[in-house]
Structure formats: C-alpha cells, structure tokens
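Q: Residues per chain are reported as follows:
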Amino acid sequence: MDPRAPIRPLLTEDGHPEGSRVVCTDRHSLDFNIPCDSTSRRHQWQIALVYAAFIFLFGLLSPIYYLNRWDFTRQKKRNPFYTSKLVQLLGRYPLLYDVSMLAQNFPAWRRIYDVLPEFSGDVLQVGCGTGLLNKYVKHRRRENIRFTNMDANLNALQFGVRLGRYSGYVHSFIDKRTPLKDQSFDVVLFARSFHHVRNHRKAFAECARLLRDGGLVIVVDPVMLPEYGARAPSAGYMVNSSIDGVIWRFTQNSFVKHLSECLPPTLTIRSVNCVRQLHVSNYNLFVPQTDIIAVLDKRSQPCAG
Amino acid sequence: VQDKIVQLIAQVKEDEAFAGKVTGSSHLVDDMGLDSLQLINLILLVEEAFSVEVDFESFEIHHLSSLDRFTDYVAGLPKA
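In order, the protein sequences belong to chains A and B. All residue numbers for the first sequence refer to the working numbering, where the first residue is 36 and numbers rise by one. All residue numbers for the second sequence refer to the working numbering, where the first residue is 308 and numbers rise by one.
None of these hints come from the bench; they were simulated from the model. Heads up, some of the hints might be wrong.
Below, in silico cross-link-like pairs of lysine-lysine (DSSO-like), each with a Cα-Cα straight-line distance of 30 angstroms or less [claimed, not checked]:
| hint | chain 1 | residue 1 | chain 2 | residue 2 |
| --- | --- | --- | --- | --- |
| 1 | A | K216 | B | K386 |
| 2 | A | K211 | B | K386 |
| 3 | A | K211 | B | K328 |
| 4 | A | K216 | A | K170 |
| 5 | B | K311 | A | K237 |
| 6 | A | K111 | B | K320 |
| 7 | A | K237 | A | K211 |
| 8 | A | K111 | A | K170 |
| 9 | B | K320 | A | K211 |
| 10 | B | K328 | A | K216 |
| 11 | B | K386 | A | K292 |
| 12 | A | K237 | A | K216 |
| 13 | A | K292 | A | K211 |
All values reported here derive from a predicted model rather than from experimental measurement.
One chain only, chain A, in its complex shape (with noise of 0.2 angstroms):
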C-alpha cells in the first residue's frame, strides 16, 4: 500500500488545535475488532473479564510490586530521576520484558498491533525492543514492509536478533542524531514507544530529516483517559514510575496540544483517532488509559501559515 494514502477517518471531535484533525471512537467502547457497542452483553463481559484478569495478576504480581515500590521510594530521596529495580530488571533481561508484556497485552497478544494504520515501504521502527511488532507483521505476511529496527536498549535488540525476529538494528536514540542516511524512509512509526522519548521537538526534527517527501510518521501510544486525566495538568508531562522509568504522559487533548507544539515546519498531522482496545493496560484500575494514533504527514516545503 502506499504510504501516502489516505488514511480513514473515524469520527469528528472539535476544539482541537488549528491545523490538526482529531477524531476520535467512541472512548469507552471500541475493542479489538468487535462491533463498537458498549451496551451489548458480550461485551460487558468481555471487559469484566478484563478488569478480573488485572485483579488476578496484580494480586499474583503486588508483592513484586510494593517491593519495588519501597525500594524506589526509598532511593528516590538520594536521585529524585532514579530508576527502579524493576525497570532496571526490563531492561537487562528481555526475556523478563516479553514475559510482562504477555501480562499487560492479555488477552490481546496477538492483537495489540491492530490498531495501527496500514502503511508500507521503508519504515524506521523506533524502539523496536525485542521485535513484537516484527513478529506480528511476519505473521500476518505483511511482505510489502522492510523494517529497519532502532532502540537504545542493545540487550533487548541482541534478543530480537538471537530469537529471529529481526536479523538487524540501529542502536541509538531517535532524539540524538542517528547514523542513518537523509531522506531514506517512508514511514517512521513509534509503536507503543513514544512515551519513553525524552526530547520529542529534536525526535521530530529527526524524523523530518530521515523521511522523504510525503513521507508519514505513526505514533501509536497509550494515553490516559479524560476521567483520570482531568487530575493531571493540562499539558503533557514527565514523572518517573516505579514500573514504566521517566515517560510522558497524555491526556488525548494533551497529546495533540503537545504534537503540535513540538512539530518542525516541514511536518503536519493528517489525523489522531483514539481506540481502546481491550487489554489489561487499557482496563487497568490505577490509570486507564486509550490508545491514541497519531499520522502526520512530511512536506518538502513547510506549510504556509
């Protein structure tokens, strides 16, 4: 497919930033592939289901956690950035990431990449990790794609090499500048990756340098919902977590406020949909949260105005 088709729109939402446009599925419904209708009974239990895999796992997992939680509290007087033993654990064994990627997806293993929007050609995967996205394109033969893998964790990368997924890789960070050539990409996508970038004006600029014209970028990212949101600030911002290390976080205005904030002249958004799937990250009872698509498009001539 060619990347520059259009891709379909849900829903309008106004108040949204000149410029971009949002729409948005119905927040609370939308599943993977299952009729959005939050009223049928299927449904219902499908998220019960849900939120009772979250209570098993977390009660299986809460002493892990609160341990971790002590122990990061604690050091975080010393360095208010520290990161925790947990997080430190993720990024050293990536084994032990794949397995808690099975808890957080569950039931939506194999679906948790649904919701990106086809796309095609030269694509730059920023924070690849162990190559999940890359083994769900494989399984679905998705031949029309040619990856090139990028992370800064060079355990999780040496993982996705010895477990096939990916045979090579670029280890470095999106917010610096990459060894890779000008213009020699069609898509760069943040698959669940955006979040962890700390410097989002120098990524972009990045992307627009490393795109060619009419070029995309994909951002498919988990965002808070505006119920739990509307405690949190009104703009975009960083905390360091005890299970996730220093990320950003988005409400959905947050995030396309902070896009558009962020974005060089030569890059535009063409669209940002909301979908919840239905997964125990989604359907958590501490922050829930949607997942936010976000296509912006490379121009060779920044927009006027």
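The hints should help you fit chain B onto chain A, whose structure is shown.
A: Structure of chain B alone, referenced to chain A:
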C-alpha cells in the same frame, strides 16, 4: 544562568512573582516546594534552554540543595 533558571522554575510553578521569593541558598524542594513532577519538567526546560543534557542515572539530590548549587551543576553540564 541563574536568572534564566529562576525564570524556568517560575514557569514550572506557574507563579510569575516567584523570582522575588528566592535567594541563592534556597533549597529547590524544601524552600521552593518543587515536587518530583515539577522537577522532571524543570530539567526538560533546562535542557531545552541551555542545550545541555542531564543524565538521570547519575543525578544526585545534593544538586538541588540550593539554587547556587543547581546553577553550578547546570553550568557544568556538557553541551548536547
């Protein structure tokens, strides 16, 4: 450098009159009341304003023990 840092702290605290309330010996947490969320966002602003990069792993709490110390720390960071 210090004036700019005070401006950035005022921005994080959303308090325009903040500059008049601090001295070089003010503690960023105890006296200025910056919480962990505000600290991270201050670091991001500092990185942007001075084109430097803060290493979160090696950061130590004593850099926050006074505005003077924090200013010295920022001034000593290598350019990104």
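Q: Decide if the proposed pair is consistent with the structure: K211 of chain A and K328 of chain B, CA atoms, cutoff 30 angstroms inclusive.
A: Distance of about 37 angstroms is beyond 30 angstroms: violated.
Q: Between the alpha carbons of K216 of chain A and K386 of chain B, is the straight-line distance 30 angstroms or under?
A: Roughly 24 angstroms separates the two Cα atoms, so the pair holds.
Q: Check whether the Cα positions of K111 of chain A and K320 of chain B lie no farther apart than 30 angstroms.
A: holds (21 angstroms)
Q: Does K386 of chain B lie within 30 angstroms of K211 of chain A when you go C-alpha to C-alpha?
A: Status holds; Cα separation ~13 angstroms.
Q: Keeping to a limit of 30 angstroms between CA atoms, is the pair of K292 of chain A and K211 of chain A held or broken?
A: holds (23 angstroms)
Q: Mind checking the alpha carbons of K237 of chain A and K211 of chain A for me, to see if they're no more than 30 angstroms apart?
A: holds (7 angstroms)
Q: So if I understand the rule, the pair passes when the alpha-carbon distance is 30 angstroms or less; does K216 of chain A with K170 of chain A pass?
A: holds (26 angstroms)
Q: Is it true that the CA of K328 of chain B sits at most 30 angstroms from the CA of K216 of chain A?
A: At roughly 50 angstroms apart (the allowed maximum being 30 angstroms), K216 of chain A and K328 of chain B break the hint.
Q: Holds or violated: K320 of chain B with K211 of chain A, Cα cutoff 30 angstroms?
A: holds (29 angstroms)
Q: Within 30 angstroms, alpha carbon to alpha carbon, are K237 of chain A and K216 of chain A?
A: holds (16 angstroms)
Q: Could you grab the alpha-carbon distance between K386 of chain B and K292 of chain A and see if it respects the 30 angstroms cut-off?
A: Holds, because 28 angstroms separates the two Cα atoms, which is no more than 30 angstroms.
Q: Next pair to validate is K311 of chain B with K237 of chain A; report whether the Cα-Cα distance is within 30 angstroms.
A: holds (21 angstroms)
In summary, the structure is inconsistent with hints 3, 8, 10 from the numbered list given earlier, while agreeing with the others.
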